[in-house]
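Residue numbers (the numbering used here), protein chains in the order written: chain A, 1 to 305; chain B, 1 to 507.
Hints in this document: simulated from the structure, not taken from any laboratory. All C-beta atoms in this analysis are idealised placements derived from N, C-alpha and C, irrespective of residue type, glycine included. You may find that some hints are simply not true.
[What the hints assert, rightly or not] Take a look, some chain A residues computed to stay more than 12 angstroms from chain B by CB distance:
| id | residue |
| --- | --- |
| 1 | 74 |
| 2 | 96 |
| 3 | 111 |
| 4 | 161 |
| 5 | 195 |
[Claimed, not checked] Below are the DSS-like pairs computed for lysine-lysine, each with C-alpha atoms no more than 25 angstroms apart in a straight line:
| id | chain 1 | residue 1 | chain 2 | residue 2 |
| --- | --- | --- | --- | --- |
| 6 | B | 278 | A | 54 |
| 7 | B | 79 | B | 278 |
| 8 | A | 54 | B | 103 |
| 9 | B | 79 | A | 72 |
| 10 | A | 248 | B | 79 |
| 11 | B | 386 | B | 166 |
| 12 | B | 127 | A | 54 |
| 13 | B | 383 | B | 79 |
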Amino acid sequence: MMRDHDSKADAKLIRLPRWLTSDHPFPWLFPASAMLIIFGLYPVLYSLWLSMFKRNPATRIETFRPSWNWSKVFADDRVIDAVSITLTYTLIALTIQLVLGLAIALLLDSDRKGFGLLRSLMILPLVVPPAVTGMMFLLMYDGSFGVISHMLYGLGLLSPSTPILAGGTSALWGVIIADVWQWTPFMVLIMLAGLRALPKDPFEAAAIDGATDIQAFFRLTLPMMSKIIALAVLIRGIDLFRIYDYIKVMTDSGPGTATETLTAYAGTIYFKNADFPYASTVALFTLILVVIIANLFIKIFKVRF
Amino acid sequence: MSFKNYDKQNFIIDTANAFTKRKISKRDFLSKMGIAGIGMSAFATGVLGGARPFRGNMAHAAENNTPEDVANFLREAGKPFAGTTIRYTSEATPPTVVLDTLKAEFTELTGINVEIEIVPLEQVLAKATQDVQGQLGTYDIYYLDQAWTSTFSRDTIDPVQYYKDKPDLAMPGFDFDDFSKPLVEGICEYDNKWVGLPFDIPIFTLMYRKDLLEKHGIAVPKTYDDFTAAVQMITAAEKENGIFGTGCQAKSGHYSLECDWTQAVWGHGGSIFGADKKFSGNDAEGVEGLQWYQEMLRNSPPNSVASTWDGQWQMGASGQIALCQSWAEFFPGWNADDSKVKGLWEMAHPLQGPHSLRGRDDVGFGEIPNWGHQGGSSIALSKYSKNVDAAWLFLQWACSKDIMTRCTLAGGFAPMRNSSYTDPRIVERKDRVGGGTTRHLDTVRWTIDNVMASEPDLPIWAGVANNEIPTELGKLVTGQDYNGDAKACMDQIAKLVDAKVEEADLI
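With these hints in hand, go ahead and build the complete structure from the sequences.
So, in structure tokens, the structure goes:
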């Protein structure tokens, strides 16, 4: 009976399609490759194709002029401003998130009672959609009844005659604060994972040798965490470089162009001027910048995956 | 915006005032703000500048007066399309909000379902642009702001022609001649074609707080000079009480700022384009207009530079401003029963400028300089629709005499059809002071018929009016650039706009 059952099972196995039992990598790589081609490669290639056309917004006629939009990008003052704003935004937000993230992770790196709950609570901001976060901060910044504005009035740091999102510099800071509130927990999570994976022996040895906490942090923790930090910076940096949601919701690139990042500008050209080829060119230009900066970072900081 | 949200805003304002006057503790203030923060998504949408203020009363639209022959026509004509779903996307204009509620009546008569997507104006433009670019037919009906009429003219079906071409689908007594002529010309006609049907007419008129003017012995302003003097006097006297002379919709990069600027230029004898089709906002009159606007901003609540029309409406409803030359459709809401300043607002004819108006022969692209800026819109039948006939039935129903009158009754805005002004339901409400009033409609009609101004008609205007002009103006009014120099700002806009016009081969 037993043998009969086994032979039936074997027969079933034999009947499986060949591609499912193949040792060839193609069937296994196909789903992921297909997704990558459809959602990653195709849009980039299509954007590249689109960027080679000059569009007349009045007649909607597109003529093949491969260099038209690219020369326009380098002559467009708003692109140059947007590059500067994007870099400023990325550097400031990244620095704050990194320092805060590491500091909070160090505070939460404990097995004492209640710390597990605290670590879980840290994730909460991450589940809020960025557009909702933007609206939340928009309300809190409101010059007439926003809680943050009123607190700043009370502290004498802001005057009612200059609403936060109406001033060039303050508007950029306003958006960065929303970003920091939402994404610092992401840094905390990565840093915590890194901290908790560190071996205990070097720290015990250092303690026996009389090293202070600060010495242990700078001479052990930071060097051992460097690769984790580099990876976190890379991931968040790329994310920050293509910031769109908060700016669209909170300032719509304003006042003037004070918060206009590259992606926000591409969106404006696309949605307001309907110049799809030029919008694609600005988007591709952003992609090229991200790739260059990310690779430079990987090379300089010797990031290994 | 619902009444519930309006209450929440008042709650927040009252709480903030109580805190600044030290009537409540910081702890109470924060806790009340926390309470108000819950469930405020609708209000947040308003703060985003996406929503046009709707302060109507749906109860006023309840009385269905659809003539029997029209109802029978819809029942018969709709039979082949029963079960079809038609879609259109629109800004939250008062008529759209009302129509969204009344559409069930249409579905009951015809069996045709209607989906209305209500999104902020800039998203309406983005959606329509993508639809026509791909000729997708995702939307059967387009909501078209007057600034976009020329841009989309080739993508719509002329309703007058379609009415003639499809006699079996022609609604009895539809009467195209009943539509206000200036509105047809200003909103939906382009190149001898009706691009759509007139649907909404926000128009600039003067509105003022009679109590504040009486208190300071100020006569109702008739000219820009009178207005400026009154605004400056009230700001000086009432700023300490949180009241400013006027309020603006000067959000950087938003079309609302462009609307304010346009009126300031026309009001000072300037124009957007000259007869040579070159941007003329940087000539002497244009610069004078912008300098006047800068002065108005100095006499406005600081939040003006972060506000669109919704923010400006809130300034009026919360009693923050005394005078305002802006959209007449604010008026019913400012006088609504739950407004903080109910019955205190009055309406007058738009202000007259210090110089004569520029003639239509002296301007380009069909621009009409005048004292009353119109921001009307039309609804149009998409050429790419897969349900053209079903959508056509809906379009006729939505713009029929009874529905348009009921939209006005519920929304409080000006009617598109001349017959609505004499409809007993409208006339009867002229004596009302509070909610549901129609007492402002005579002034609105006079403005439409006599001094209505329209922005230029050129296919790239939607982009220029929503991007280049308000972005550069935003830099000026927020001090990001130009160091307060109106001429420098206008020169830069001239450079950008002329380049766009040239690039589009329009010159």
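Worksheet item: Straight-line Cα separation of residue 79 of chain B and residue 72 of chain A no greater than 25 angstroms?
Response: Violated - the C-alpha atoms of residue 72 of chain A and residue 79 of chain B are around 54 angstroms apart, more than 25 angstroms.
Worksheet item: Regarding the pair residue 383 of chain B and residue 79 of chain B, is the alpha-carbon distance no greater than 25 angstroms?
Response: holds, 22 angstroms
Worksheet item: Going straight from one Cα to the other, do residue 79 of chain B and residue 278 of chain B come out at no more than 25 angstroms?
Response: violated, 53 angstroms
Fill in: Status of the stated non-contact between residue 111 of chain A and chain B (beta carbon gap over 12 angstroms)
With a cut-off of 12 angstroms, residue 111 of chain A remains clear of chain B, as the shortest Cβ separation is near 33 angstroms.
Fill in: Restraint status (C-alpha distance of residue 278 of chain B to residue 54 of chain A at most 25 angstroms)
holds, 23 angstroms
Practice prompt. Measure nothing beyond the straight line between the CA atoms of residue 127 of chain B and residue 54 of chain A; if it is 25 angstroms or shorter, mark the hint as holding.
Written response: Holds. Residue 127 of chain B to residue 54 of chain A sits at ~22 angstroms (cutoff 25 angstroms).
Worksheet item: Is the nearest CB of chain B more than 12 angstroms from the CB of residue 161 of chain A?
Response: violated, 5 angstroms
Worksheet item: Straight-line Cα separation of residue 54 of chain A and residue 103 of chain B no greater than 25 angstroms?
Response: Measuring from Cα to Cα gives roughly 43 angstroms; hence the hint is violated.
Worksheet item: Does the claim that residue 74 of chain A lies off the interface hold, with its Cβ farther than 12 angstroms from every Cβ of chain B?
Response: holds, 16 angstroms
Worksheet entry | Reported absence of residue 195 of chain A from the contact zone with chain B (all CB gaps over 12 angstroms) | Its Cβ never comes within 12 angstroms of chain B, the nearest being 33 angstroms, so this holds.
Fill in: Minimum Cβ-Cβ distance from residue 96 of chain A to chain B exceeds 12 angstroms
holds, 23 angstroms
Discussion item. Would the hint linking residue 248 of chain A and residue 79 of chain B be met if the CA-CA limit is 25 angstroms?
Written reply: Violated: residue 248 of chain A and residue 79 of chain B sit about 44 angstroms apart, past 25 angstroms.
Checked against the numbered hints given earlier, this structure breaks hints 4, 7, 8, 9 and 10; the rest are met.
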